Amino acid sequence: MSHAQPQAPAVRMGLAIPNSKLCMWLFLGTEIMFFTAFIGSYIVLRMGSPGWPGDPAVTHINVLLGGTNTFVLIVSSYFVVVAHEAVTEKNYERARLFLTATFALACLFLVIKGFEYGGKISHDILPGRIPETSQQAMEKTLGQFDVATSNALGDLMPDEEHDGLRIAGLPTAIADAESPEEKAELESLQALMAEILALKTEVRAETGLTLDDFEERVDAMAAKESYAGFMGHVHVSHPIKYGNLFASTYFLMTGFHAIHVLVGMLLFAIPLCKPAAQLAEYTDYIENSGLYWHFVDLVWIFLFPLLYIVQF
Amino acid sequence: MRVFWCLVFLAVPILAVLSCIYAEDYGLWFPGEAETLLGKQIDDLFYMINIIVTVTFIGSNAGLCYVIWRASGKQEEGGKAWFCHGVHSLEVIWSIVPACILMFISLYQLDVWMQFRVRTNYPTEAAAKPVAEVTARQFEWRIRYPAPGKDLQLQPQPDDLYTVNDLHVPVNQPVMIQLRTIDVQHSFFVPDLRVKQDAIPGQVIPIWFNVLHNGEYDLTCAELCGWGHYKMRGRVVAEPVEDFQAYLVKLQAEQSYDGVANEDSPELAQSGEE
Amino acid sequence: MADGHHHHPNYFMVFIALCVCTALSVGADLLSLDNKLVLAAIVMAIASAKALFVMMYFMHLKFEGKWKFILLAPTVILAIGLPLALLPDVGVHYYTVDVPQDPATGSAAETDEHVADGHGDSHGSSQPKSHE
Amino acid sequence: MSTLNPALEHAHDHGHGDHHELTFVQKYIFSTDHKIIGIQFLITTLLMLLVGGALALGVRWQLAFPWQSMPILGQFFYGAQGGQIAPETYTMLFTMHATVMIFLVIIPVLAGAFGNFLIPLMIGADDMAFPTLNMLSYWFMWPAIFFFFLSFVFGGGQAGWTSYPVLSAVVEAAPGSGHAQTCWLMGVTFVGVSSMMGSVNYMTTIINMRAPGMTLFRMPLTIWAMFITAILQAFALPVLTAAGFMLLTDRTLGTTFFVPSGLVINNSDPTVGGGQPLLWQHLFWFYSHPAVYIMLLPAMGMTSDMLACMSRKPIFGYKPMVLSMATIAGLGFIVWGHHMFTSGMNPALGMTFMISTMMIALPSAVKVFNWIGTIWGGRITFNTVTLNCVAFVSMFLIGGLSGIYMAAVPVDIYFHDTYMIVAHFHYVLFGATLFGVFGAIQFWYPKMFGRLMSEKLGKIHFFLTFLGFNGAFFPMHLLGMAGFPRRYADPYVHPYLEHLVPVNQFITISAIVMGSAQILLLFNFCYSYFCGEKIGRNPWGGNGLEWFAPSPPGHGNFDVLPVVYRGPYEYSSPLVTDRDYLMQTDYLPPPDSESKDETDEQKT
Ligand code: HEA
Ligand code: HEA
Ligand code: CUA
Ligand SMILES: [Cu+2]
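Chains as they are written, first to last, in the working numbering: chain A, 1 to 312; chain B, 1001 to 1274; chain C, 2001 to 2132; chain D, 3001 to 3604.
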């Protein structure tokens, strides 16, 4: 940055803070705007949406997990301050210790976040995949049926190339079956497929089949022992009205926040790789990455009530 | 060279003004008189702004050309430039005068805008009985009229009448249409009527206008909607109320003539996804 | 000048205050208030208080020079202004909105809803159900 | 040179060879020297100007000779279709034209090229605050360029540069645009990252690295403009980046921020979701309106400096100039809705936005009048720099005034998305900004390479460009009057536009003239590098610190740390009699009056 000058620099103009800190603050200003766009969009989209899924049982939003995560971040924020204080007091071992703790807490945060994501993913609460009307819910279940039968066909008739051929060849396969078990299996698959087709026709024709009727029918199919082997991943989806917008905003905001957490961990990892004695060179660095880390905490402080508590 | 360059810069305002004066002769002005009441007001506003802007334009260019002419002559006359950091009173004048003009322009406009867009200013009968629903779609305009004697419902009705790219409205009375789109954003633009309104996915937007003369007016799409954006050509036909009613009756007759059961056919014609 | 040796604030107290605030927000949620707007106001107020604590003490803003106002004033104004400006257009609707998911309940505009196409749902349970 | 500055006397024998040798790659490719980075930006953007211009000529060809085989390009690109372009291709042409021009030419040439080159030189710093970050900001341009070109290969963005959803969010809406639109968004993201790195760096540098004595109100207007631009960028750009991410996930991951439910697009299944397309428009213009000032303010600043120097006169009303730029920036944040007057926005918002938009003409007016005031009573010669600067003022006047018609909501109902808009923004973007840039190239070229650019070529280039420019874009106002919609591949399917073919042909011919003239610029640029007249530090008799450094400045810029004693516009000062300029570094022994100005106060 500074090069040998023929003259020693006289007084430079400017603020009495280091460039790096100034730059970090300016950067945080841009970050505020970045999250403003996300959070602002969330608020207005949510207000503009005629409804919002609020029931935690449906959305798998868990206030306690969110609260724990808030706590984790606050502790980590505190630890960063302590680490910075220690490094200014030239107590490098202590600084290192608290930095390590911060790093660990960041990991913990991500793990908890991972649990939450896992819960949503396992229920397919993912943007674009949530049925919002019973029609869509039934369609989705039918789609699962299609996958299940297609898999079953593939297992039973591995010789044919694709589903079309397999379906066409099903009667022949039944006729040629080598063992009675196989024959029975093929036959029950055939029966299942016929039933699904009937169900599908009924759903598509919009004859007024309600989701409850539909569920009954599916349950009845599931209850049949001969079908049990084919119904692996099928279960009746229920519509979550406005769930897609909910999932979109939820994943967007927490996702970008998580990316910021990862970046913060990277920032802390760098001095942590150095021996404690070298932390002296990192005084400003720790202060600045601390600022960044507080900002990450700040964002979460707002995300927590917005996403977890205000539910109606 | 000095004269040449000054003339080059002087040519800008002169040619600009001249070309605007003669533009009308070459079909480069509004495509005819505005054919709606609001359109007339819009034109009037345009001409008012035009006068203000032209005066500003000529004035500023005169100033610019004058100062470059004088300043480029200094070389020959010898002598130094005027050492002056600014004139405070001038600064004040040329901030306040434009401020007043601009404030005047913007406040003066509000009325027309409110008439066109603010719900409480919609003409009451027209708003109560929209003549048609126009649904934009890649790349055509689908029009749905209520059956003669009935009111337009937001929900399609079995006896609704459908056409494509051909909107008929009664002349000389305020009419309202409901604008929708079934896919991407489009914009309902009738140059002669000075009407333009985007059709936003997910919203139903009312537009009203009052066509003054019988005639056919081009309907175009003014918001990029895909490769066929340019060819969303339709027309708006303004005709006396009796003709309009007759048109609807004719449409109804045509539509029920299909041979299919009367009740169902409109739905077939309407479904946007075959 | 700003970096002169000022007293360190008692970080631990700040930390405790933050924890208490977090507990309060969770507590507010568990109260299950009837008026959700009150709840929203309470938790957002708590969040703002927390944010203020973090910024003032952890981020040292309390001890910085005047530049903090120059930097933060426009940011805060824009950050509040943007959602406010979006509100009249996106948060509420001036025109009728199509809500195919929900023909029964009203949307923001008073007018009736409108099913965009054959697939719009007009039957079935409109109450979301939990899975399993 | 200046006898008034004793420091400079022995500066010459220092030279700048006493730095350790850098390899070619370190010095010219991955250089962290702001001057090299600036020149890298400049050359890149000039090349991109050709690309963007070539795309524009494609657009023009189609409009003048619809569906006829394009001469050279047609065979090259669309040989398969007999040289004829498809409507999708037309859409792609103007989308990519605008993208290249805005994201790869105008923004980087102003902030990237001139911002980089001039900021440290003009404030008396040895380099940017963060040279490596600076280098990265250049190299992040390349992924952007890569993605834009990749997008091109996939068929190009097909939703205009404004990229309005649902057209841009749902793949079925523009079948050809599958990966292209995604790449386009990636490109925008990278441009954003690049500008963001630049802007925080510029702000830090300007705030913290000024030479002794360079108080805020002694900074040249260029620096003020760059500073304000950087602020605009820092606060507006993240919003676009965020919105871009939202659109990207809408396209790829199935989120539904901008896609309402129940749309049947191109026979697709009905969409699910509940998003709102208007949200994109708001977020996009929240960035892109400030962005048009990002594309203008630096040129305004540079023009102010050049005009003052060329008129040998102090800038007229320095503080009003600064204030008006700040006001433009401030108001620039609250006018974005004027792009959405017909979009079905809340009418109350429409009114608010109309008033704020009208008000933004006010600071612009102050600037225009102050430029005229600067020339007033000055002493100019019509060299290339002057010509380009006067053209800047004259063209900005036209472009700005046409903005007034559009700012009036009712009138904009008619003009929105017609060629009136196209005329408006080419007048401000090309007419103002690019003429400013052409002037700036001519003006600072000697500082970059130590040689003057050819005046003769420069004047011919200016004349042809000016002629072609006005010939091409002025008639567009009249097309707009006739209701000629923009973004039409073949407007003549509408009978009311049929008679406009000859006008379009005239425009196209003018555009070709203007395009060819740019080859002259490039030629001049290269030719003068080898054959231009060699000059010393201060060929124009300028006052700024950059003229205090050697031409070209060495590593670390200044052989003597400059100390600033006054503002940058003391041309024709009565305090010196032997010449008509008084550099910021010139020390005048105090008669008495000036001493109060010289306290090295700590200025924030
Ligand atoms: C450098 C870029 C630049 C600049 C500086 C401006 C400056 C202005 N612009 Fe422009 N604008 C664009 C680039 C720019 N614009 C672009 C790219 C688009 C289109 C985007 C797209 O859709 O693709 C656009 C579109 C656009 C629209 C949207 C039109 C539409 O799509 O319907 C509007 C509407 O209000 C507008 C208004 C203005 C105004 C009022 C100014 C003002 O700042 C101008 C102020 C200047 C003056 C007025 C001249 C000097 C003043 C005087 C001499 C004083 C006296 C004057 C009076 C008293 C009247 N612009
Ligand atoms: C800074 C920005 C900028 C610049 C400089 C230009 C420059 C030009 N633009 Fe630009 N234009 C835009 C920004 C810009 N444009 C934007 C934002 C849009 C809106 C897009 C949208 O709707 O989404 C637009 C749209 C637009 C349209 C409207 C398309 C439509 O709506 O249908 C037209 C039509 O004439 C046009 C023409 C031109 C022309 C003729 C030039 C000329 O000035 C170009 C002159 C030519 C050159 C400078 C280079 C010549 C080079 C050669 C001859 C050599 C060839 C070399 C190689 C092949 C390597 N532009
Ligand atoms: Cu429809 Cu453009
Ligand atoms: Cu704008």
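Since the hints were made in silico from the structure, they are not lab data.
Quick caveat: nothing in here was measured; it's all calculated off a predicted structure.
Be careful, since some hints might not be right.
What the hints assert, rightly or not - Straight-line C-alpha distance at most 27 Å; calculated DSS-like pairs for lysine-lysine:
| hint | chain 1 | residue 1 | chain 2 | residue 2 |
| --- | --- | --- | --- | --- |
| 1 | D | K3534 | D | K3456 |
| 2 | D | K3534 | D | K3027 |
| 3 | A | K224 | A | K200 |
| 4 | A | K21 | C | K2062 |
| 5 | D | K3459 | B | K1074 |
| 6 | D | K3027 | C | K2066 |
| 7 | A | K120 | A | K183 |
| 8 | A | K21 | A | K274 |
| 9 | C | K2036 | A | K113 |
| 10 | D | K3319 | B | K1080 |
| 11 | B | K1129 | B | K1040 |
| 12 | C | K2062 | A | K90 |
| 13 | A | K90 | A | K274 |
| 14 | D | K3534 | D | K3459 |
| 15 | A | K120 | A | K90 |
| 16 | C | K2068 | A | K21 |
| 17 | A | K21 | A | K90 |
| 18 | B | K1250 | B | K1129 |
| 19 | C | K2066 | A | K120 |
| 20 | D | K3456 | C | K2068 |
| 21 | D | K3456 | B | K1074 |
| 22 | B | K1080 | D | K3459 |
| 23 | B | K1150 | B | K1250 |
| 24 | B | K1129 | B | K1150 |
| 25 | A | K200 | A | K183 |
| 26 | A | K21 | C | K2066 |
| 27 | A | K224 | A | K140 |
| 28 | A | K200 | A | K140 |
For each hint, the structure was consulted:
no.	hint	in the structure
1	K3534(D) / K3456(D)	holds (16 Å)
2	K3534(D) / K3027(D)	holds (22 Å)
3	K224(A) / K200(A)	holds (19 Å)
4	K21(A) / K2062(C)	holds (15 Å)
5	K3459(D) / K1074(B)	holds (21 Å)
6	K3027(D) / K2066(C)	violated (40 Å)
7	K120(A) / K183(A)	violated (40 Å)
8	K21(A) / K274(A)	holds (22 Å)
9	K2036(C) / K113(A)	holds (26 Å)
10	K3319(D) / K1080(B)	holds (24 Å)
11	K1129(B) / K1040(B)	holds (24 Å)
12	K2062(C) / K90(A)	holds (24 Å)
13	K90(A) / K274(A)	holds (15 Å)
14	K3534(D) / K3459(D)	holds (19 Å)
15	K120(A) / K90(A)	violated (46 Å)
16	K2068(C) / K21(A)	holds (12 Å)
17	K21(A) / K90(A)	holds (20 Å)
18	K1250(B) / K1129(B)	holds (20 Å)
19	K2066(C) / K120(A)	violated (46 Å)
20	K3456(D) / K2068(C)	violated (51 Å)
21	K3456(D) / K1074(B)	holds (22 Å)
22	K1080(B) / K3459(D)	holds (25 Å)
23	K1150(B) / K1250(B)	holds (15 Å)
24	K1129(B) / K1150(B)	holds (9 Å)
25	K200(A) / K183(A)	holds (25 Å)
26	K21(A) / K2066(C)	holds (15 Å)
27	K224(A) / K140(A)	holds (21 Å)
28	K200(A) / K140(A)	holds (11 Å)
Comparing the model with each numbered hint stated earlier shows that hints 6, 7, 15, 19 and 20 do not hold.
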